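Undergrad: Residue strings, one per chain:
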Amino acid sequence: MQKQPLEFTVNGRRRQLLVAPYYSLLDTLRDEMQLTGTKKGCDEGDCGACTVILDGKPVTSCLVLAHSARDAEITTVEGLASPDGLHAVQQAFIEKGGLQCGYCTPGLIMAAVGFLQDNPVPSEEDVKFAIGGNLCRCTGYTKVIEAIMLAAETMREQNS
Amino acid sequence: MADFQVLEQSHPRVDAWEKVTGQANYAGDVYLPGMLMCKILASTRSHARIISIDTSKATALPGVRAVITGYDFPQIRFGSGALKDRYIMARDIVYYIGEPVAAVAAEDEITAQEAIGLIEVEYEDLGAVVDPLTALRSGAPSVHPDLESYEGYGFTIEGGNICTLLDADRGDVDQAFMEADHVFEDTFRSQGINQGFLEPMACAANVEANGRLTIWASTQGPYQVRAQLASVLDMPLSNIKIIPMELGGGFGAKLRLAFEAFPALLSMRTGSPVKLINTREEVFTLNGPRHPVTNYIKTGVNNDGTIIAREAYTIFDVGAYLGAGPNSGIGHGLGAYNIPNFRLRSYGAYTNKVYVGSYRASGVADMTFAVESHMDIIAHKLGMDPLDFRLKNTIKEGDIAVNGSRVPGNGLEQTLAAIKERLGLPKELPDGHGVGIALCEWRSGTGPSTASISVNEDGTASLLTGSVDISGSDTSLASIAAEVMGISIGDIIVASRDTDLAPFTGPSGGSRIVYSQGKAVQMAAEDARDKLLALAADRLGVPQEALGCAGGRVYVHDNPPQGLTLGQLASASVNSRTGPIVGNASLSTLPYAPVFSAQAAEVEVDRATGQVKLTRYVQCQDVGVAINPMAVEGQLEGGAVQGIGRALTEDMLFDQETGAVRNPSFASYLMPLALDLPELETLMVRVPSEDGPFGARAVAEPPGFGPPAAIANAIYDAVGVRIRELPLSGERVLAALQGKISEDVAYIGDELDELKRAEGLVA
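Chain order of the listed sequences is A and B. Positions 0 to 159 (numbering that gives the first Met the number 0) are the ones given, in order, by the first sequence. Positions 0 to 762 (numbering that gives the first Met the number 0) are the ones given, in order, by the second sequence.
Since the hints were derived computationally from the structure, they do not count as laboratory data. These numbers were taken from a predicted model, which means no experiment stands behind them. We put the CB at the ideal spot given by N, CA and C, even for glycine. Check before you lean on any hint, since a few could be wrong.
Each computed DSBU-like pair below joins lysine-lysine, with the alpha-carbon atoms no more than 30 Å apart [said to hold, decoys possible]:
hint, chain 1, residue 1, chain 2, residue 2
1, B, Lys-391, B, Lys-380
2, A, Lys-2, B, Lys-56
3, B, Lys-380, B, Lys-395
4, A, Lys-127, B, Lys-56
5, B, Lys-739, B, Lys-297
Every beta carbon over 12 Å from chain B, so not counted as near; a handful from chain A, in silico [as the list claims (entries may be wrong)]:
hint, residue
6, Leu-16
7, Thr-75
8, Asn-158
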């Protein structure tokens, strides 16, 4: 199928690409832009490994057609850190040991970043619900939840 | 506890930064110029002769660069062990639905997929057998009629589909059963399990200009993949380089050759790099999962609760190929107990299903469910407290383990005591609430291990190991090296590795890396440290014994300000008589070091629906020494949650007629989510092992063993029904509550007599 022009903003940079109409946002990020931090675990919307932030909301990018993200603002795991350092969520995952094999980690981090924007003072139950669409086989989630709670605290301090 | 500078303190993973920023590279992240994409055509028949394969339409499709079938590979069977029962791609016969029949390389994935749909295969069906107990019966359709002609076949018991038998015997078990005051028998059945790693199998292959083959692999065992690939491609092992990429979970599934041969051959045919990434459906249907297991257990007990005899028969379904086989299960038929007389048998039966793979101490979780449920049943029937009954029979230091080794000192009893104290056992709970325990055992894994450490001119050290990091092991290995050399963990560079570069190392599996590879790292670091001390002694003009090594320097014990930094010594070594400082170590096996874990579950059972809510899960493991406590906890928590999935929800469903996987997706194969977590408590006791690095024991396998039995025992405590089949679903519990599952349900009957007759044990 003929590739068609597409424009959107990824990690703060306006991008113009030619993308086949059937291509998902996930495949576009990975195959066309080499942003391989976003992972494909199932390509069916079940595992959450491909979570990115699209216009402020976490989405599973395997279920988003690239062309439906026309003119959108997209943040991937590669776009989180600033020149000042890692995002509080990234730092908390490191400190609390919220990652092992790391394959689900970018998706979990993006789900947490999106969630904490809306709920800066979450309970543990809120966090479990927020990452309820993200499968992790290694950690048993305990340290992931601890990391997100720590990140929430850090972000509140940063914002106060 | 010893006074450690690095160990027993939590350190972030050495690879954490790459992983939280998306910079860690997995096999699927390999993009090479001109790279083609590979897709696999899978068999749609359970057992059939291939009459013809027509690839002409696929080959003619624009964008397709090559199509291969089983006939394009050398006619060489391979296997995971001695028995060579499998072609890498079907040749003449397909043995299960999902078996690779052809593969395509095309300029993009969608073209490759389209080409797969254009390949025409004509089959002639042969008789299929799906149920392992049926497969065992004489007269069942034979999965491999020519088995006896296969290389490595060495098994003589009649019964067409039995491909392996593992056995262990001690004492006079029949006499002991006659003398026992009580004899108990139970049969348990556990379900098929998918390893559930998040990164689908992926690999890329490229033939270099000089004819050497490079494979970017998602593997736990790069040297195993290299050897098996050399065998199926019939090429010199030295012509293959395996680059193990970051591994997105394996849990045993990625120990051996998977599909690397397909992109490899396609790259050889096209001269271009070729990449293959499985879909999630393929992960479920083409890769070896664990199959259902039937465990029959019989125990002779005296009135005082002393166990004197045990018989255990395990029927493993191995699917179409022996694959990972029954392996570990048989050694665990005694559980964590000292039983003087036993007969243990483990049969592998071929069926027309996807071949069996490894998963987190394959077979032991199934056996632990059986043994620890059975122990609970016996305790209740004898009117004994389940924990006291276990304590009365635990294996102790100086006893002889089932493998014939003397049991060294260990923390088994402390783990039980810790669980008892934490839960306040024994305790009475209201109706519908219950508590259950399970005692788990494993051994620290061993096998060939090597390490090399070179000291850099700035005082840092580069650590080279061939082991793949599957559990934070790189961080643990760096910690061990840092502890020995008296530097910080940040001063250890863990070098990236491939099979050309790193010395041979066994696969990362079976809780082997920290115990054995860690020992090699410790020895290599000691070797490097001794060389540093020798050089410093020479330079400072003092005897080596007068020197210590800490804080990045070698110093004189009696006059600590006098010394040299590791950087100064490394710089000096470059032009010294003995040359640059490199420490090396190599070992094959370490002695038996058992690992024990006591676990407990609290549940709430809804009598109206049978639904089981796991409210609390507590585990306590003897870790010896916690090299990196945060990583140890992570392994224990993750393992327990995998075990909870096995206990309650995970269930690979196979079509009873065709053997096809019925639920090949994460939406239908239910692994635990964060929302499913109980209150999870992780405790450790520390009785150092005799031979592990600084006394460490293996960690990762036992936490997953306990949940099925602990939860089944808690369900019994809550509502008085005994579930002998996994998973412990609401449906099954409700059926038991309604009396639809009888107490003495048998999953094995005259098959057992048939097996015993074949062995001449009964007339």
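Undergrad: For every hint, state whether the structure bears it out.
TA: Taking the hints in turn, this is what the structure says about them:
no., hint, result
1, Lys-391/B x Lys-380/B, "16 Å, holds"
2, Lys-2/A x Lys-56/B, "25 Å, holds"
3, Lys-380/B x Lys-395/B, "25 Å, holds"
4, Lys-127/A x Lys-56/B, "50 Å, violated"
5, Lys-739/B x Lys-297/B, "24 Å, holds"
6, Leu-16, "15 Å, holds"
7, Thr-75, "7 Å, violated"
8, Asn-158, "21 Å, holds"
When the structure is compared with the earlier hints, violations turn up for hints 4, 7 and for no others.
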